[in-house]
Amino acid sequence: MDKPEKTHVFDKPRNVKRVIHALYAICALSVIAEFFVHRHVDHPWETVFGFYAIYGFAACVVLVLIAKELRKLIMRKEDYYDE
Amino acid sequence: MSSMTPFLVFFLGAILVALTKGRLQSMVLLAIPVVGALNLYYLPADMTGGTMMFSYTLSWLRIDKLSILFGYLFHLAAFIGIIFSLNLRDTTQHVSGVLYAGSALGAVFAGDLITLFVFWELLAVTSVFLILARRTEKSQQAAMRYLIIQITSGLILLAGVLLRVHETGSIAFGHIGLSGLSSWLIFIAFGIKCAFPFLHNWLTDAYPEATPSGTVFLSSFTTKVAVFSLARCFAGEEILIYIGAVMAMFPIYFAVIENDLRRVLAYSLINQIGFMVVGIGIGTALAVNGAVAHAFNDVVFKGLLMMSMGAVLYRTGTMKGSELGGLYKSMPKTATFCIVGAASISAFPLFSGFVSKSMVMVAALDEGYPIVWLALLFASAGVFHHAGIKIPFFAFFAHDSGIRVKEAPRNMLIAMGLAAVICIFNGSYPWVLYSMLPFPVDYAPYTMAHVLTQSQLLFFSALAFCMLKLYNLYPPELRGINIDVEWAYRWLLPRATKGFVTLFAPIDQACRALAVRRIEVLIARLYRHHGPHGVLAKSWPTGSTALWVAIVLGGLLLVYYF
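These protein sequence lines map, in sequence, to chains A and B.
With the working numbering applied, the first sequence closes on residue 84, and no number is skipped along the way.
With the working numbering applied, the second sequence closes on residue 618, and no number is skipped along the way.
Some hints here could point you the wrong way.
From the structure, some residues in chain B lie toward chain A, with a derived Cβ separation under 8 Å [stated by the list, open to error]:
1) Val312
2) Thr509
3) Ala520
Within a straight-line C-alpha distance of at most 25 Å, the following computed DSS-like cross-link-like pairs (lysine-lysine) qualify [what the hints assert, rightly or not]:
4) A:Lys13 x B:Lys525
5) B:Lys389 x B:Lys376
6) B:Lys194 x A:Lys78
7) B:Lys389 x A:Lys18
8) B:Lys194 x B:Lys376
9) B:Lys462 x B:Lys389
10) A:Lys69 x B:Lys525
In case anyone wonders, no lab produced these hints; they're calculated from the structure.
C-beta: ideal position from N, C-alpha, C; glycine also.
Isolated chain A (complex conformation) (with noise of 0.2 Å):
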């Protein structure tokens, strides 16, 4: 990430656009890297192209949607406990 300056980089919507963009091709990047590094192997599932990307992604996904359900759960107001 940037470091900020006095101009406040991140006012400028085009610079967040910026951070996205660079993201997107940095992800690109590590998966067109597996072709070319042997990848060392301690468990078959490794082999799938693309795991532990696919199951980055995959893991925050899950995790994001069943957080939101679980605060319909638990979520309570913040004086819940002094009352």
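Using the hints provided, position chain B relative to the given structure of chain A.
Below, chain B without anything else, positioned relative to chain A:
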């Protein structure tokens, strides 16, 4: 210079801190961990310390690789914490912080279970002031709950130790293993301090209520002493693998929807301890090395994250994600340090988490626990999500909250900078840390495959965050709290006992009234006889006393005669 037991340096130092003020106090504070570390360095390897109590030898100095590593770690943590708190003019906090660090040192150098118990309880008693020092009603209540649970853990430990002495006659603080009641009691006592699932809630309840610097101290010591104790007594117990996997998994869900950012970090603290507990449970040299190395790194990067949030709290007065945002504009240095901490806890290559967490994960695969490995991988993605992205994002970026404050005080920046340097040093050059581990290290963290797979995992986790945010699927920061296990004793118990009280209060009152009446009657009777006008309070002439003595003597003579 003659050496002394490490905790003594801190306990004696605490007295000096209490007696001094201002600049001198700051110098004393800084000198304590430095003198302590030098003392530790020059400690003869064969030095022991102890005392006889009844027929047991209590030993407060046992030196081996494990205790030395934790010893240095706690000196380092105390040094960083002290620098961070230097701008405070609050002797209570300074003294209790130093005593607390000293108690942690006492525990890791303890040679027997009784000594461990003493420092176990001291950890609780000395640290509670770091929560009380916030001086709000909420913190007072949280501190009392914290104290009750911590002391309970100590009592369970004591019960376990006494039973064990009865069974085996030994108070040795070594491998115990799970067999029989006494070992389970000790295990549960460790589990409470280690924040096992369902026993974890004291941590997420109390730590976020402590003072900005108090939380930095708290997150360094108590749980790590518990991890150390588990490694000493229960390494290789399979149940720990599953407990650890659950610890790594469940807090991340709570962390994603938590609004108080220091509570998010408290949940992520449990998540990180989960990795260590798995490592101890696997029990191989690689796994235990991984657990211990991760404990070391966690103290530094979690301390760094807690410091960055402490600085934000100190400047803005709030810790709620829903009220913060855009602080990179006014606290850019704190933001940078926070990102270093975030990268370290997320285990980015070149940052400290990368070289230690993976040891535990490789060990899990090697020893045939693929499901646990998948759970840890999930937790790794999850920790990046909540501690790596959420903390810096909602505090320093996100929408601009309009809050404009000064950058953190200089001493706080120095403390954060020091921790950040250690995070990057350990991540880039892990060999110093590896050489201090309890077993010889045969592990290379920087293989192409490891760097690539870990990068993929993290970048795609970031991508997921980005997409969810762009499509408005990400749960926003909302004002509110989330109930956890504490609901049972903070909500249910008071209400359940309320019914009990309304039922039994009249009976109780009647009994008390009856007892009071009885006592009043008794007092009145005593007063009648012994009061100023009572028959026994009358003054008697000397003559009649002489007469009575003569009668008694005469009676005695008669009895003697027959």
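Could you tell me which of the numbered hints above are not met by this structure, giving the numbers in increasing order? none
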